[in-house]
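Chemist: Start from the sequences and build out the full structure, keeping to the hints where you can.
Take a look at the letters that make up each chain.
There are 2 protein chains.
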Amino acid sequence: MANKPSIPKGTRDFLPEQSLKRQFIFDTAKGVFQLYGYQPIETPAMENLDTLTGKYGEEGDKLIYKILNNGDFLEKANQDDLDAKASNKVATQISDRALRYDLTVPFARFVVQNQNELSFPFKRYQIQPVWRADRPQRGRYREFYQCDVDVIGSDSLLNEAELLCIVSDVFDALGLGDIQIRLNNRKILSGIAHATGLGDHFGEMTIAIDKSDKIGVDGVREEMIKRGLPAAGVKKALDHISRKADADTLLRMLSGSLTGELEGQKGIDEMRKTLKALPPHVRKKVSIDLTLARGLNYYTGAIIEVGHSKFPSSICGGGRYDDLTGIFGLKNMSGVGVSFGADRIYDLMEELSLFPTTLKAASDIIFINFGETESLECMQLAMELRAEGYSAEVYPDAAKMQKQMKYADARGFRFVILIGSEELKEERANVKDMSTGDQSSVLLSDLNKFIFDKLGSDD
Amino acid sequence: MANKPSIPKGTRDFLPEQSLKRQFIFDTAKGVFQLYGYQPIETPAMENLDTLTGKYGEEGDKLIYKILNNGDFLEKANQDDLDAKASNKVATQISDRALRYDLTVPFARFVVQNQNELSFPFKRYQIQPVWRADRPQRGRYREFYQCDVDVIGSDSLLNEAELLCIVSDVFDALGLGDIQIRLNNRKILSGIAHATGLGDHFGEMTIAIDKSDKIGVDGVREEMIKRGLPAAGVKKALDHISRKADADTLLRMLSGSLTGELEGQKGIDEMRKTLKALPPHVRKKVSIDLTLARGLNYYTGAIIEVGHSKFPSSICGGGRYDDLTGIFGLKNMSGVGVSFGADRIYDLMEELSLFPTTLKAASDIIFINFGETESLECMQLAMELRAEGYSAEVYPDAAKMQKQMKYADARGFRFVILIGSEELKEERANVKDMSTGDQSSVLLSDLNKFIFDKLGSDD
Numbered sequence: 001m002a003n004k005p006s007i008p009k010g011t012r013d014f015l016p017e018q019s020l021k022r023q024f025i026f027d028t029a030k031g032v033f034q035l036y037g038y039q040p041i042e043t044p045a046m047e048n049l050d051t052l053t054g055k056y057g058e059e060g061d062k063l064i065y066k067i068l069n070n071g072d073f074l075e076k077a078n079q080d081d082l083d084a085k086a087s088n089k090v091a092t093q094i095s096d097r098a099l100r101y102d103l104t105v106p107f108a109r110f111v112v113q114n115q116n117e118l119s120f121p122f123k124r125y126q127i128q129p130v131w132r133a134d135r136p137q138r139g140r141y142r143e144f145y146q147c148d149v150d151v152i153g154s155d156s157l158l159n160e161a162e163l164l165c166i167v168s169d170v171f172d173a174l175g176l177g178d179i180q181i182r183l184n185n186r187k188i189l190s191g192i193a194h195a196t197g198l199g200d201h202f203g204e205m206t207i208a209i210d211k212s213d214k215i216g217v218d219g220v221r222e223e224m225i226k227r228g229l230p231a232a233g234v235k236k237a238l239d240h241i242s243r244k245a246d247a248d249t250l251l252r253m254l255s256g257s258l259t260g261e262l263e264g265q266k267g268i269d270e271m272r273k274t275l276k277a278l279p280p281h282v283r284k285k286v287s288i289d290l291t292l293a294r295g296l297n298y299y300t301g302a303i304i305e306v307g308h309s310k311f312p313s314s315i316c317g318g319g320r321y322d323d324l325t326g327i328f329g330l331k332n333m334s335g336v337g338v339s340f341g342a343d344r345i346y347d348l349m350e351e352l353s354l355f356p357t358t359l360k361a362a363s364d365i366i367f368i369n370f371g372e373t374e375s376l377e378c379m380q381l382a383m384e385l386r387a388e389g390y391s392a393e394v395y396p397d398a399a400k401m402q403k404q405m406k407y408a409d410a411r412g413f414r415f416v417i418l419i420g421s422e423e424l425k426e427e428r429a430n431v432k433d434m435s436t437g438d439q440s441s442v443l444l445s446d447l448n449k450f451i452f453d454k455l456g457s458d459d
Numbered sequence: 460m461a462n463k464p465s466i467p468k469g470t471r472d473f474l475p476e477q478s479l480k481r482q483f484i485f486d487t488a489k490g491v492f493q494l495y496g497y498q499p500i501e502t503p504a505m506e507n508l509d510t511l512t513g514k515y516g517e518e519g520d521k522l523i524y525k526i527l528n529n530g531d532f533l534e535k536a537n538q539d540d541l542d543a544k545a546s547n548k549v550a551t552q553i554s555d556r557a558l559r560y561d562l563t564v565p566f567a568r569f570v571v572q573n574q575n576e577l578s579f580p581f582k583r584y585q586i587q588p589v590w591r592a593d594r595p596q597r598g599r600y601r602e603f604y605q606c607d608v609d610v611i612g613s614d615s616l617l618n619e620a621e622l623l624c625i626v627s628d629v630f631d632a633l634g635l636g637d638i639q640i641r642l643n644n645r646k647i648l649s650g651i652a653h654a655t656g657l658g659d660h661f662g663e664m665t666i667a668i669d670k671s672d673k674i675g676v677d678g679v680r681e682e683m684i685k686r687g688l689p690a691a692g693v694k695k696a697l698d699h700i701s702r703k704a705d706a707d708t709l710l711r712m713l714s715g716s717l718t719g720e721l722e723g724q725k726g727i728d729e730m731r732k733t734l735k736a737l738p739p740h741v742r743k744k745v746s747i748d749l750t751l752a753r754g755l756n757y758y759t760g761a762i763i764e765v766g767h768s769k770f771p772s773s774i775c776g777g778g779r780y781d782d783l784t785g786i787f788g789l790k791n792m793s794g795v796g797v798s799f800g801a802d803r804i805y806d807l808m809e810e811l812s813l814f815p816t817t818l819k820a821a822s823d824i825i826f827i828n829f830g831e832t833e834s835l836e837c838m839q840l841a842m843e844l845r846a847e848g849y850s851a852e853v854y855p856d857a858a859k860m861q862k863q864m865k866y867a868d869a870r871g872f873r874f875v876i877l878i879g880s881e882e883l884k885e886e887r888a889n890v891k892d893m894s895t896g897d898q899s900s901v902l903l904s905d906l907n908k909f910i911f912d913k914l915g916s917d918d
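For the protein sequence lines, the chains are A and B, in the order given.
Under this note's numbering, the residue at position 139 of the first sequence is numbered 139, and the numbers go up by one with no gaps.
Under this note's numbering, the residue at position 208 of the second sequence is numbered 667, and the numbers go up by one with no gaps.
In short, the hints are calculated from the structure, not lab data.
Positions of the beta carbon are idealized from the N, C-alpha and C atoms, including for glycine.
You may find that some hints are simply not true.
Label-pair ranges, simulated between beta-carbon atoms [said to hold, decoys possible]: (1) B/676 <-> A/427: 47 to 53 Å; (2) B/632 <-> A/116: 47 to 53 Å; (3) A/116 <-> B/639: 38 to 44 Å; (4) A/359 <-> B/915: 24 to 30 Å; (5) B/548 <-> A/12: 28 to 34 Å; (6) A/71 <-> B/690: 36 to 42 Å; (7) A/440 <-> B/889: 56 to 62 Å; (8) A/120 <-> B/632: 32 to 38 Å; (9) A/430 <-> B/731: 47 to 53 Å; (10) B/897 <-> A/70: 58 to 64 Å; (11) A/70 <-> B/689: 35 to 41 Å; (12) A/70 <-> B/830: 53 to 59 Å; (13) B/889 <-> A/116: 49 to 55 Å.
Modeler: Shown next, in the form of structure tokens:
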């Protein structure tokens, strides 16, 4: 292979610094999830194809990566479909498996399949990659991580409140405290649809409203009219959802307009209870946004979307679903969850220089290699430093000093330790502190103590 | 979908306890890798198909999972191959991408592709899943994790020594200190082949020797004869590799028998230097085993295999490769690495009950839910406990006490806290310590301190 190697479009390699930063985001989130009693699970990257198809709409189905069956897969293909070049039909005949498209459907499958092993309400988090054959563009990849946290098996609104607290805590811990949480409820939207004569068009209405971020209320109106929704109803519905006021006022006004709409009233009540259960420092980040719809059909109650002052579009979102496991045969399992957009959070933290600087330096100490005898002594000293919890390397080759120092610079070690034959004879080391440029001659027997005094024990 | 959902054969769901235990293994290994200055990288699950094919032998190629191209993939298929049902040929016409088969080839591709961003010698670790369309059986999966640690860009034998130290440290940290590290060198095997007239059959000789664990030396002899190797040479070669003695004696004897075999002598010298660079506590775990061959063709120097007294077959292995990146056009990049068998290590730790018991309990504290007013107070108290670093949950529903206590039992909380309307009035909580059965009535304002006294601050 003479060509320069490459990776598939829309996929990425992660270099050490990027990997460490990504790990920092995930570890921070995990730390919060665990404080709230959420537990990790993992599901396989490969699911049976029929577990995934039909769950993401027609467009979604096209974006699922199918895995070619091994062996003589053509034997199982229908000859007529092959002759007709019906790729869509043949695909399902020659692929039994597919790559996970999100974490939600596999989670529903997991809950049903493992229900006897789980304690309900089951609170889980899951941080794994997903794959979508989408057109790659800036910030959109074909392989990317999702970071989902859900509780299933309880319809208490304390769960909604708890998830909002988790969202607030995670972003605080990442240094992204300046978030705005937008909250809506699908039942309220349904109440508005029914009260304005759009009850039969609820799905189309939410799909249109979902675009209001991008096309504005006027654009939404056009789209609804174009989809054939009655103009009078569209006007009334948009009057409702465009209302801006503080939460109490808004909910009171809505309650007045939706008299007799049982579902709408239930949504208002859910929203009130959720807001009431929030501690003040979270409550102040939450506002009601009736234009928030989230296109996903499985949402049935609260819907949540999180923006940041420096990145107003979504960096986290989710909602309540009453029947996600129903598609796999398990009824009455209400759940609610949110998903953190790891890639967007990464980009935002990078832009705002929020990653700890310590993530860049992989090691504390490097020993320069002056030859076999010296380097064996350095191996021993490095071992003793590691036993104290410091990361330490010995440059493996007795290369030219310039080459070794170039490596030391590139990696960003705090200390460069030089022990040549003279130093070895005197049982001393030259220790260069790269943060100050200071050079010290230290007895080998004092080396651990010297480093400890500079770095402390918890480094 | 009425059928009970399932996952593809050879794949697994991981429940919370399993996930936590797996995470414990990976975190422990990472901690050691980082002390030695190794850095994490990640590569995509999907590689271009031509990056992978031809790297694992004909049998390996058949086990690569190919990803079906999206869209009208049949358009690109050759009609003659389709008519002939030549699945193998058609596969490469309708799949541009494939799932990673191991971490080694993607690592070589990564080094070549990102060479300008890396500092050499480049020390990396990588913990990611791989996929193989192998026949599933006990302990063999189609989706499993590899945990690889390699240094590339240095041919110093200090790297071999360092990796053996890492192996020793990782297993010590996991409580699996009772390991045996078997060491051999492909150059010595090559020297033996040349000295015994089997020089032209080196590949076949190593493939046969590689099976000696399973079929014994007699089996290896039979296999070599069957493969047409000259009987006299086979006898001499097997006399060499069956020798047992301490390392110094063995290397001296070998050196005497392989006079004039430059490569063999080089291998002996490499082995001596590697052993010399080991600290005594690692050295005593290492023995020379000339029957160790490791079938993988890319090994050119040291080969390493690690067994445990309770699991003698391999739980970790690796070796030196001089030209892995050559296949991607970058010459002279010698590397050496080992791979930890995460699944086998997991099974072994489970069998020996080596996982910390604290991994089982996800949370420290649960508040029983007595209704809306009480639970809102509990949400507040739980928040304060979390701020101190304790994990705390409020049962989300005011369900029957029996149901809530059953959940508390199943999850294994340390403390169950009961605050009913009476307690709330008196501003007290009933705290039940599940580890002792003791019940205490604690003032709400003293709750944090009470938990602190029991659990300490670092829990």
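Chemist: All hints, please: hold or fail.
Modeler: Hints and how they fare:
1. B/676 <-> A/427: 47 to 53 Å: 50 Å, holds
2. B/632 <-> A/116: 47 to 53 Å: The hinted range 47 to 53 Å is violated for residue 632 of chain B and residue 116 of chain A, with Cβ atoms some 35 Å apart.
3. A/116 <-> B/639: 38 to 44 Å: Hint holds: Cβ distance 41 Å, inside 38 to 44 Å.
4. A/359 <-> B/915: 24 to 30 Å: Holds, since residue 359 of chain A and residue 915 of chain B (Cβ atoms, about 29 Å apart) stay within the stated range.
5. B/548 <-> A/12: 28 to 34 Å: This hint holds: roughly 31 Å between Cβ atoms.
6. A/71 <-> B/690: 36 to 42 Å: Given a distance of about 39 Å, which is inside 36 to 42 Å, the answer is holds.
7. A/440 <-> B/889: 56 to 62 Å: Cβ of residue 440 of chain A to Cβ of residue 889 of chain B: about 59 Å, so the range 56 to 62 Å holds.
8. A/120 <-> B/632: 32 to 38 Å: 36 Å, holds
9. A/430 <-> B/731: 47 to 53 Å: 30 Å, violated
10. B/897 <-> A/70: 58 to 64 Å: 59 Å, holds
11. A/70 <-> B/689: 35 to 41 Å: 39 Å, holds
12. A/70 <-> B/830: 53 to 59 Å: Cβ of residue 70 of chain A to Cβ of residue 830 of chain B: about 57 Å, so the range 53 to 59 Å holds.
13. B/889 <-> A/116: 49 to 55 Å: Given about 32 Å between the Cβ atoms, the range is violated.
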